[in-house]
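*Asks:* Spelled out from the first residue to the last, the chains are:
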Amino acid sequence: MSRARIVKDICTIFTCEFQDFEAEVSTLEKIKKHDEYTYLHCLNVARLSVALGKRFGFNSGMLIDLGWAALLHDIGKLRVPLNVLNKAKKFTSEELVVMKSHPVEALTAFAETQTVTLERLRRLSAAFEHHQRYDLKGYPIVQKKLTLHPFSRIVAVADTFDAMTTDRIYQRRVLPDVALKIMAQGFGSIFDPTVLQAFITSMGAYPVGSLVRLSDESLAVVIKYGKQSSLDRPQIYYVEVRSQRISDLMAFENKNLRILRSEFPEDHHIDIPALLEQAERIQGDSATK
Amino acid sequence: MKCYNKTVALSVKKLQLEEFLETHTPTKIHLKAARIEPSSASEFQDEAINLDDWPILLFLKGIGFDTVSFYSNSQSALERWTARLSQYELIFIADPENLAVEECIWNEKDDTGNLLIECHLPTPSPHQQQKKQRVDITPGGHVPPLEAPLGIDDDAALRFVDEIEKQTPQETLLRTHLILREFESDAKHKDPFVWASLIADIIAIALESRWVEKAVQIAKDFDQSLKLVWTKSERALRLFSAYDPKPSELRNWSEVFQSCSSVDLVWYLDSQLSTTAGPQILKLMNYRAQTEPELLIEICFQEKPNVQRILLPWLIAHWKLKHYPNVFHHLKTSLEQNESEEIVQLWIVAALRSSAEHSFQDFLQLIPKRKWFCVLDKSKLVFQKLLLKVFTENPSHDVLPFMKKAKHLFSGEIADQAEKLLRNLKERS
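Chains A and B, in that order, are what the protein sequence lines are. Residues in the first sequence are numbered from 1 upward in steps of one, following my numbering. Residues in the second sequence are numbered from 1 upward in steps of one, following my numbering.
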């Protein structure tokens, strides 16, 4: 049951001949059993990484490799005790050491769960390197510096974004647009500038699904970036029931309108997926007409 | 992209914040609304600001702070505060899970403990308080699509793809070798068997990629750990099967197996010869017999007959006079203990190879003349039979004098065979 669910989850990200990846699926099953949060995080990181890979024009083989590299990037957490992994309060220095050991522990977790092949080693790079930083000043510290594998550079960006924008027991999530802006401080130092630039321009300054406060004080959901859109002027869908409509911030009549900030949907009891669906329906209807 | 590349913009805006605070302190900045609230003494109106210009404030907003109050316009205090928070921000960006938010010092105080800068958290809403108990996440629930057609630098994208396509097995192995080195010093509780298997697999991959040099390097780096792998035949067989060395590569290739003791190698030779690893096991054994025969001879003397049975054929060319006493001792023991005819025969050959002269003298003791009143012990009969077999298979000229001398010691069926052998030897000479 669990395996079928995992395969189904992966298929929402990429498809592959699963019989060729039995060991990988089993490993993911172990991660899921060990800690559901880590499993979902791995799925999200894979979703973002593969989407970014598509923007780069990766071929299907590369996308599958990248997808697995991202899905297994936290394999080392299999060896981090659950009481440390899910600790709600701050880590003690010993716990922090254990937590920080997960990229290194990836190697053992990997050997325990899979027969090592060249292809798998290539995918393992991301598990070891995703916290090393682009300038190699992160962890684990290695004696001989080697440029990070391109997959590791993609996974590092996706990993940070997902970690920032996910609620935790002890910390509310960061809004996606704020997360992107904070991440931009790591441009060229923590993150590969090419990757981060592609990530941001593929997502837009206010990613689709963001609830935004406009300069006229109205609330809207970002629904799409059109071909003509600029980074911070997407197409939006007004939230207020009486004035629900789609609008393009690039349109001439909106020239004086701008996004002030994003806000948490739950603070306004707003169901974003439902609004996105509504907007999609409206767009579909108008396209039919 | 311009607005995200702030390396230069940052310092300018930081100065602006400093300058602004110099004339407008005390000030309260609302992070959520991105507005500066004027104090009663200020001359300016409630003013909207762009937090994008002040990364530290944006970071504080991201962490969840609601408001920042500046009570002082001390430049040094502002610099200290900014520097500290920038460090936190870097940790947060590199690994959001590793920033211990509760540990961080968010406020700035002077020497006497007076607050100079204070960061305020919002009062949690009932909704947020409930959330603290449990966080529900659904796969893909909050992941925005990456479909904004805002364009990426085509050249950069091409270079990136090119970099992936050009990744060679060598690069992957080099990277992995570094990881292994790091791991060895870092991981405290690694399972030695898992570790050994991992190293073996990586060496096997290096060999499969025809990078013998790297395989040797890894094997040398982790020779102690690798010792355990030879007890796990699956991994060891993969190592043997990984590469079929050419004669010129034997020396280098054999170094991969340095940690495999010859006793273990004998076991593989005995039990795994029919596997895909067989040819390489033979090559390694042959190489060892050529290059370190003394070691193999030592093992042969110390080990049990099952090991001796495998080793003895490899040592035929390496017996010397100095080995004779030991060889003869083993021959006698194998006869006394009724070992298999194969082993006895191999010891006879070993004895003749190490010293034919001593052998001929001592063999006479082992084939005493059969007397009518006693039955010759079975081992002696076996010895006589095997001795003749050895002589028949390897008829050398010095056998003739011995046979002439020993002829009368053989009796019955064996005497007939001895007679035949003697005839043949005479004809040849």
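If you're looking for bench data, these hints aren't it; they were derived computationally from the structure. Model, not experiment: these values are computed from the prediction. Keep in mind that a hint or two might mislead.
[Said to hold, decoys possible] Straight line, CA to CA, 30 Å or less: simulated DSS-like cross-link-like pairs of lysine-lysine:
#1 B:32 <-> A:87
#2 B:166 <-> B:109
#3 B:320 <-> B:232
#4 B:232 <-> A:30
#5 B:190 <-> A:32
#6 A:137 <-> B:304
#7 B:190 <-> B:166
#8 B:166 <-> B:227
#9 A:54 <-> B:232
#10 A:144 <-> B:385
#11 A:90 <-> B:385
#12 A:255 <-> B:32
#13 B:220 <-> B:232
#14 B:190 <-> A:89
#15 A:87 <-> A:54
#16 A:137 <-> B:380
#17 B:420 <-> B:378
#18 B:220 <-> A:100
#19 A:90 <-> B:426
#20 B:232 <-> A:87
#21 A:145 <-> B:304
#22 A:90 <-> B:32
#23 B:232 <-> A:33
#24 B:304 <-> A:144
#25 A:145 <-> B:227
#26 A:33 <-> B:385
#27 B:227 <-> A:144
#28 B:166 <-> B:220
#29 B:32 <-> A:89
#30 A:89 <-> B:378
#31 A:54 <-> A:227
#32 A:255 <-> A:227
#33 A:54 <-> A:89
#34 B:166 <-> A:145
#35 A:100 <-> B:28
#36 A:145 <-> B:190
[To be verified] Short, incomplete list of chain B residues facing chain A, as computed with Cβ under 7 Å:
#37 95
#38 183
#39 192
#40 198
Beta carbons: idealized from backbone N, C-alpha and C, even for Gly.
*Asks:* Okay, which hints does this one fail, numbers in order?
*Replies:* Numbers 2, 3, 6, 7, 8, 9, 10, 11, 15, 16, 19, 20, 21, 24, 26, 30, 33, 35, 39 - these are the hints that the structure violates, sorted from lowest upward.
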